[in-house]
Amino acid sequence: MKGRAAPHPAKERPMNPRTLKPRTKRAPAAVGLALAGLAAVGAALAGSRNMDRPHGWHGAGGEHGWGMRSQLAKLDLSDGQKVQIKAIFEDEHTKIAPLAASSMKARRALGEAIHAPVFDETAIRAAAAQSSGAQSDLAVERGRVASRIRAVLTPDQQKQLDAQRQQFLDRMQQRKEQHRAEEGEDSPDAEDLQ
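Numbering (my numbering), first residue to last: 4 to 197.
Some hints here could point you the wrong way.
Simulated restraints on C-beta separations [unchecked claim]:
#, residue 1, residue 2, range
1, 125, 82, 54 to 60 Å
2, 125, 86, 29 to 35 Å
3, 149, 180, 24 to 30 Å
Note that these hints are calculated values from the structure, not bench results. None of these values were measured; they are calculated from a predicted model. Using N, Cα and C, we set each Cβ at its ideal position, and we do this for glycine too.
Model the full assembly from the supplied sequences, consistent with the hints where possible.
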């Protein structure tokens, strides 16, 4: 008489060495948004720099990572477009700088509330609401900058910019999958890409 096979023992999930908790399969979408936001803010706050500089890790204009300036430098902009875009960055810098500082301050306050010695749900919720509001204000202003710059570009340059952005997102996803494979986690779900 053939019986049922014994069930497979539960597979133990690898532990995160920093938190000593089981690793999750999905990274919060907020992490991706925060990284994208920091890259855009860094580009906007970089000030007026020469967009014709050779590209390296710091990109055109010297900003870290993948900022809008390094994307724009690849578009073969006319001198007139460069002057217009430089003016947009200079104009928007006065608006974005205080918003970025406020957002950073709110995120620090949230981190402090989360890691306070005594749990205080009300304080955490208040800090999270403050952080969310600051990030929303910054996102709106970044969107305004992007819209103003896109208006200066030709339709072909806009398509090139969109293609560059997609290539960047594809590379980020590839790195994320590679990191997960190295850490022994499953591949990401489609919703992780959002």
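Q: Please test the hint of 54 to 60 Å on the beta carbon pair from residue 125 and residue 82.
A: 56 Å, holds
Q. Does the hinted range 29 to 35 Å hold for residue 125 and residue 86 at CB?
A. 51 Å, violated
Q) Lying within 24 to 30 Å: is that true of the beta-carbon distance residue 149 to residue 180? A) Taking Cβ atoms as reference, residue 149 and residue 180 lie about 27 Å apart, which means the hint holds.
Comparing the model with each earlier hint shows a violation of hint 2 alone; every other hint is respected.
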